[in-house]
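Engineer: Relying on the hints, combine the two individually framed chains into one complex.
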Amino acid sequence: MADSPLHDPLRFHRKTPPCAVVIFGANGDLTKRKLMPALYRLAYEGRLAPGFAVIGISRTAMSDDDFRSRMKESVSKFLEDSPFDEDLWRSFAQSLFYLAGDVGDPASYQRIAATLQKTEKDRETAGNVLFYLSTQPSQYAEIAEGLGRAGLAKGQGWRRIIIEKPFGHDLASARELDVRIHAHFEEEQVYRIDHYLGKETVQNIMAFRFGNGIFEPLWNRRYIDHVQITAAESIGVEGRGAYYQEAGALRDMIQNHLLQVMATIAMEPSATFSSDAVRDERSKLLRSVHIMTQQEVEENAVAGQFGPGRVGGQQVAGFRMENGVNPESVTPTYAAATFLVDNWRWADVPFYIRTGKYMPKRVSEIAIHFRSAPLSVFHNTDSPGASAPNLLILRIQPEEGISLKFVSKRPGAGMMLRPVSMDFNYGASFGERSPSAYETLLLDAIVGDATLYTRQDMVEASWRAVQPILDVWATKNFTFPNYAAGTWGPAEADAMLARRGHTWRRP
Amino acid sequence: MATAEALRPDEILKQLAAHWLDLGEPDGDGDALLRACSMTLTCFADDEEDASTLNAMLASLMREHPSRLIVVRLKDGEDELSARVSAQCWKPFGHQQQICCEYVEVTASINRLADAASIVAPLAAPDLPRVTLLRSSRIVRAGALRKVLPLGDKIIVDSRRTGAPGFGELGGLLDAGHITGDLAWTRLTPIRALLAQLLEKRQARMITIEYGGREAGPEARYLQAWLQTALPDANVTLRGNAGAERGCLFGVRVDDDLYMRLCRGGAEYEIGSMKQRASMPPGTEEQLLNEELGFVVHDRAFERALNHITA
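Protein sequences, first through last, are from chains A and B. Under my numbering, the first residue of the first sequence is numbered 1, with each subsequent residue one higher. Under my numbering, the first residue of the second sequence is numbered 1, with each subsequent residue one higher.
Here chain B stands alone, though its shape is the one from the complex (with noise of 0.2 angstroms):
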């Protein structure tokens, strides 16, 4: 259910509109289709990306976080800029549950980044939260990312991502007072939780902090950062092990007497004379996405890790 090249921002409000009457054309109970809204998710890809795999992805965020999406493909070379709207509800395999999901596609060559901008800001829903995820790196190298940074409430990056903004430019976002995620972060949540626990009585002297390959991933320091934060009287250090797999992190050393260890899908640590597992399972980044959707305030601990980065 798509319609080709509508530009006009109201034009494209139209179309969506249609689509939902479509949609909720009386099927003999007369019952009409209504959905619900949460916010805007505008989602900065580039035109490389599978368009089936990314939207999948996106669609699946819709059972936690109802959104108007829009998906802003930037690609190199010509003039272009176009746009499509769709609307649909399905069924996802396995699940009971229907959903429902607005979708607007824009296209856009790079050097037109600043129209599709112009399109997109008034297609926002109103009143709600507006966020932006940021996956392409053609913004980043053209250094456009000021240009994208009104349409959002919140950005949401991801620096294990190639060609994701540097500590140094989230530390600018930062300081300019945006509101910003890092789904490097993120995926940090259940081993802070866990590390807070356990923690929680200890006076922990050293901390070690084990990662694979020789330099560290984002991941393995803002844990650092994290912990140097919050536990300031401790000396916390990275610890890198060339065997093991390139910048992931593997275990957390606290003084003689913890070690977690971090293996696929959990967390294994002694707890007395016992042996414990804390499940964790992978985070997917549809998860990772739920998470840091679920609000649009200051992350007061990820911003304070990562000026402690920057500084």
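This is chain A alone, in the form it adopts within the complex (with noise of 0.2 angstroms):
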């Protein structure tokens, strides 16, 4: 709508091409919780072109109106921070199709092909489609071909194809995704989908970066002593034993969603905020990850698992007596490594990541700490905290901001010195509501900005940097459990980083 006379970019949103929407694994969970609720608000705030339609697969026998009526409950159970507008519903739910189908039956695609050509001259979709794979992550490959052969991957009007996490299980199986999706999308279609770069917080880091001048000069081994990146999460898995057991939390979190953050937090500015400069320069970072030998990997990672123990006022059992859950299983349910990244800003800068689940609390930040002032000035003073340096805390979860600390002169005689912090919260300055990941990413997606989708060579870059990590943990004897749940991990992951005379910060 750029070129057409009726646009007003001061207000009006984006524009959204017509398009469907076919979301395989259509009754799953990331449908119902996630997709479903996000296409429907962003219905509600008109982001959605009139031309539009969503069509669900997946293996369980329904009609059109089963799958409304079911689309309808999760919307209203999941919708967050937003009214539930009947009327708005019985009018978005006509654009709700669904079709049962096995993804490795030819047929489905061809009922594919045919309720899209429908749907386009129906609903004035302009040919345009979204496949969007929410399936097993071993249906992928499968998929991708299975449209390809049918010829869905082109058409009349765009197609594009997005890709849940996991990307692989390692180096070789992504690259082998790759090869067989690639054997029909072209790269360009294919969006890979990491929602944590959708959250907003995260997409702050780079307004913060690039946004403000005074930043950039410290942003480098000159002024920065470390970083510290943290995902806790203080639940278990949730039923998701068995899905699990088989990732782990260095596949799970460490290899895609902290690799990306940290890439955001150190990746050179890019030329212009276009899709493929700000991911060029993702990538190089990426890239730049030092990989370690079997040696570095003893010194710099450590993997945990979570015995029994108090949460939140409650016990709770070990991983290995959750459902489905080996009772000898060695998945690390925590993981800790020291990340270096080989290029001039940041040589011999420690970047440690974390992260676990059934940690104290659900916290996901990025501790930014600063080199100690020169010399103590206030060394004789009696002031406990006149050398603590500088912290900046960039908080993506719970409360999304941004916090500074810095040493202030205590009120009153004398040179008493102490810690301060200056704290800036998003959700108390800005009453806005904040889009999910999911809004985010699918409006994106829609549109054709690619900017917080990773790219291949990211992909393979993050695999890369975590490989020898996995090659040695496959090796390794175990002995599991070494943390309490409702603790912060294993006594191993502090030992890690009083190598380098650091501790981890308790968030």
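Derived by calculation from the structure, the hints in this document are not laboratory data. One thing to keep in mind: the hints can contain errors.
Some, not all, of what chain A presents toward chain B, calculated at C-beta under 8 angstroms [claimed, not checked]:
# : residue
1 : 10
2 : 46
3 : 504
Non-contacting residues of chain B with respect to chain A, defined by C-beta distances greater than 10 angstroms in every case (computed) [as the list claims (entries may be wrong)]:
# : residue
4 : 190
5 : 196
6 : 217
7 : 241
Just so you know, even glycine gets a beta-carbon here, dropped at the ideal spot from N, CA and C.
Structural biologist: Printed below as a string of structure tokens:
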């Protein structure tokens, strides 16, 4: 609509083209909890084009009306911070269609093709199709091939395919998946979703770094001592024991979400805010991550698994006692690693990353530890806080915001110093509702903006960074469990930082 | 938490600072209270307007636009000029987030408007945009609009309000280079956005805007002007319906095959064989102002429409 004389860029949202969204795994949890509420919310805000349709695919037999009724139940249950409008739902529900089909059956794709033709005519979707793979990861390649063979990867309008993580379970399988997808889809058609990148605060990291001039001169090895990235969950595997047992903390969180966060923190400024310019810089950073040797893995990576403990005043069982989990499982539910970046800006600055289940609280944040003042002028004063280094905290959840810790004089006679915190809370300062990560990412895919999606070179680079750890851990005899639920992880993780004279920050 | 009779601007600012200190008094953990400020919002209102309703509406704006809020209440009669200062933090019913607001109220008789303006001007938060919301019909009646113009980088009116400046006066503001907003125009945003989508690939020839009553309200006139300036080859007309609610927009007909019916809370139209509905909750004044406060730059589409009306 940029060329339309009716377009008003000052007030109108980005133009959204008409399209059909085809969701594989339409009866699954992700569709019910995240995708459908996000699409409904986009409709509520008038962000979807009038020509719009959703076609749900899964194995369960049901009619369009059954599907609409299930989706209504899910949307009204899982819609966050938004009213449920019955009138709007009636109109939105007309755009929902359902097909029962097995993704391994070529006839399913013929039926999808016929339905797409019909919706293109009835719903004026202009031949644009967004395929969303919300299925078991093992089906991704099969679906992409099925779509390709049925001629659905190309059409009159654009064709895009969204793939949920994990993109492979190691470097080799990620490459294999890529080859099978690329046999039918071009790279610019492939949208690999990492919902962490859709979070408002992760995007705010870019605004904070590149929209302000005062931080950039400090953003390097000369002024930054180390960086800690924490993604702690206060819950266990919540019935996903069988899946989690195959993945583990390193694959589930660090290989994708947290390395992407680290790349956002450490990347060079891009020349423009265009999709490929930003992703080039992220990719470059990930490719600069030092690849550990076996010996380095021993010193710089720690695995943990929770045993029984108390969380939130309740006794919880250990991981090995979870449903669907092997009683002798050696899957890490906690992982911590020290990554180094081999470039001029970050040489020798450790990036400590940790994630775990059943930690004392749910918190995701990045702590930038600055170097101490070169000369402690106040070391003779009776001030225990006089030498505290400055700390910049970028909080992703639950209270999105930014804190800066610095030293201040206590009022009164004498020179007593103490650390104080200057806190900026997005929620308290801007009451505007933040869109969910899935709203942001779905809309981006519909308009063709891949900035917040990962590219294959980024996927491979992050697998390369964690592959040595996976290889060493695959041969290791862990003595699990090695931390109690409700604690901050195994003692070895503290020792890992202590070797460089650091300690984990308590979030 | 209010103090009366502080008329020197530096004294008012000192009192504001003292209120923040009180609010930020350590309550055990020693954390200081910090707040964000994105602009100065000065509202001119008539004294008859219910203060608590107005203040609640303005305070609710602080969620999206944390501001230094100055309300100037104007009255007839005696020579009066007074001010009070307050700052408060609260959680609106049903919301998790705490809102903090600093608030200066100046009460002045209309003949002291220039004095009131001289107090308000130095109170603006430094280096941040200043927006003036004009709700006072007294200022318009007194022909004193120019006295308040220097207080804001943008002035917002609502042509729908009784006693608001007319199109001619608004056109005069544009001619003088002032950034101007009209909530009657802001009300049209969801309708314009939907029309822009529906008309994108059409060569519309005849567009009829239907409104209630005999005389078109400001929204209908803005909509006509916008469509006519954007689509010069189309014939855009207004048609009143004496039986419908006066001044209300209720439909847009495009040629013979598209009709968009505006109904309570939404718009209905047909696309292909399907009837569609778009949600358009009636914009409250708070929502309209939230949109309008989002930018302090010239709104070219609005200015073209207004110029078309006043030409």
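Engineer: Evaluate each hint against the coordinates.
Structural biologist: Results of checking the hints against the structure:
1. The beta carbon of residue 10(A) is positioned within 8 angstroms of a beta carbon in chain B (closest approach about 6 angstroms), and the interface hint is therefore held.
2. Against a cut-off of 8 angstroms between C-beta atoms, the interface hint on residue 46(A) holds, since the closest Cβ of chain B lies about 6 angstroms away.
3. Using the Cβ-Cβ criterion of 8 angstroms, the hint placing residue 504(A) at the interface with chain B is not satisfied: the shortest such distance is roughly 22 angstroms.
4. With a closest Cβ-Cβ approach of about 6 angstroms to chain A, residue 190(B) is found to fall inside the 10 angstroms limit, against its non-interface label.
5. Listed as a non-interface residue, residue 196(B) fails to keep its Cβ farther than 10 angstroms from every Cβ of chain A; the least gap is roughly 4 angstroms.
6. Consistency note on residue 217(B): stated as away from chain A, and its beta-carbon is indeed over 10 angstroms from all of that chain's, at 20 angstroms minimum.
7. With a least beta-carbon separation of about 23 angstroms from chain A, residue 241(B) lies farther than 10 angstroms from that chain, consistent with its non-interface assignment.
When the structure is compared with the earlier hints, violations turn up for hints 3, 4, 5 and for no others.
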